[in-house]
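J.: Top to bottom, those sequences are chains A and B. Heads up: the first sequence begins at 5 in the numbering used here, then just goes up one per residue. Heads up: the second sequence begins at 5 in the numbering used here, then just goes up one per residue.
Hint data in this document are derived by calculation from the structure and do not stem from the laboratory. Any given hint could turn out to be false.
Intra- or inter-copy, both count: the list cannot distinguish identical chains.
[Said to hold, decoys possible] As a list, the in silico DSS-like pairs of lysine-lysine whose alpha-carbon atoms are at most 30 Å apart:
#1 Lys70 <-> Lys184
#2 Lys69 <-> Lys240
#3 Lys50 <-> Lys126
#4 Lys37 <-> Lys69
#5 Lys184 <-> Lys69
#6 Lys184 <-> Lys141
#7 Lys240 <-> Lys126
2 protein chains.
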Amino acid sequence: MGGDYAPREILAGAREALKALPDLFLYLVGTEKALADFPEHERVEKVPAPEWVEMDEAPSEALRKKPRSSIRVAFELARSGKAQAVVSAGNSGVTYACALFALGRIRGVSRPAIATVLPTLKNPAVLIDAGANVDCKPSHLLQFALMGALFSQEILGIRNPRVGLLSIGEEGGKGNFLVKRAHALLSESSLNFVGNVEGRHIYSGEAEVIVCDGFVGNICLKVSEGVAEALTVMLKREVRRDPLAILGFLLARRALSRFRHRVDWREYGGAPLLGVNGVVIIGHGRSDARAVRNALNTARRFVEIDLARRLSEALGARNHLPDLRAIS
Amino acid sequence: MGGDYAPREILAGAREALKALPDLFLYLVGTEKALADFPEHERVEKVPAPEWVEMDEAPSEALRKKPRSSIRVAFELARSGKAQAVVSAGNSGVTYACALFALGRIRGVSRPAIATVLPTLKNPAVLIDAGANVDCKPSHLLQFALMGALFSQEILGIRNPRVGLLSIGEEGGKGNFLVKRAHALLSESSLNFVGNVEGRHIYSGEAEVIVCDGFVGNICLKVSEGVAEALTVMLKREVRRDPLAILGFLLARRALSRFRHRVDWREYGGAPLLGVNGVVIIGHGRSDARAVRNALNTARRFVEIDLARRLSEALGARNHLPDLRAIS
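Given the sequences, and given the hints that come with them, work out the whole structure.
T.: As structure tokens, then:
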């Protein structure tokens, strides 16, 4: 029921994923009406939920007033062990709250965070937190860094990933109050901390893990999308004035399409919520069928490698935990 | 002496500006060695300053330890009334501190802020604060909104500019602690406040004034640059693999060049520091000759229209001032 194009695109994505992934079993959670047209399938169980949460509802209110919303029913399936992962393109605040409530946190993590993979000129980079925690303490940023580094290592296969702290100058003294304090904590950690990273250097690939609070992280992502979209429109406007340019772009079409493919967030489909006891994928609000299919694929992969357990083991193996607890 | 390519590019930009602007008189402030090669000119006075501030120096330290730095000498010229504007591509924190110290604030402003003009799909938008104040109170954001709206109106000629608050969701309840409180203040103001604006909507032109704290604002700008730069490189890589695409881009060259021109920050040259008693233009650290020339042109224009007085009058005419003082 969640996302700007639900249920149509969500269900279309589900159909595509069922075709592409022969070992996928799907619980489709939503109103009976929304699910009515979805064809019967041996690897699908429709789970009716009479309520749903709107994109703009406050989490506290949505949780109190709608105990039978689709997102709560979905997490109930995960809590009971029936479902091994939850994918939602709906209200991310509510998804976060339900995930915390139903699955709990892994040991050593006080604030689960959303990790997003970004294309860069070098390795893919993990931006964490991409929007779960808008007001953070320095110790939370240290936790994000640990989880982001483990994700980069375990999932993206990057050895000893460089961790950068997103700030407005490269020197340690630069940034706001939160970032200056976090810089000190990260400097003392055993992470491969490369210091502050400026916004300009996210996409040039100066670090494999970019750490920031969820407010800044979410704005970074949205600004990035906005720039890419606006540039595309501006370029089209220029080209329209110029017949030679139209011909040129027709000839360059193949390269342009490979390019669009490469920088399109739909290819990643969704971002995992790291630090909860289970697999939770938060999809983009504008998810279309392709994004949903890819988010389901990501979820399946994380179940396969047992993401939460690996994060938990890796965090346990680090000797950060006592320090973390003491300062958080 | 300031900026990554000083003094070479700064002086080259000065030469270009002298040619383009026949009524411009320049004080060039720097070490004698740096200025030695600049040709004598009837509209140039070289002002020697034996010291200079590095890009990464902390403002407090730079001010205390280097009383004869080029930036302080430049502001001394402005304070004494000899120079009508200061342009610097150097350490922006130090420039900010010197401007406050030498020129003072206009009445009703407790935190001067950097305003940057961004190209959008509709009107140009003013982003304020672009980096002067990294830790803000809600009342500061209200002041930025007032100054940004006046700038949009008086300088960019936009009637009743729409003011948006940069946040991570469009609803008033979304955002961090600072933004939620600022939303309430802006809602009560007489500004044409359109509510929260997401990062994605900055460049689609949903508002003519985008309000945020200086940490977030600076990251927005740098991320925008980073995305544009990375996209360019990625596209070049794709094209290189494809002879037809190379031919295509050769044909589209004229449109591409007009496009680059349109989105290049160098065209704006620099961003004014609003709220100080005078004209101060903060250039990009990576300023080249073209950026410097354009920054000098902007400074000249602001002097001509008496920017500080107009802002001061317009702020005085608003009945916000008592409220502002009470809450700041």
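J.: Are any of the numbered hints broken by this structure? If so, which, sorted upward?
T.: Of the numbered hints given earlier, those the structure breaks are 2 and 3, listed in rising order.
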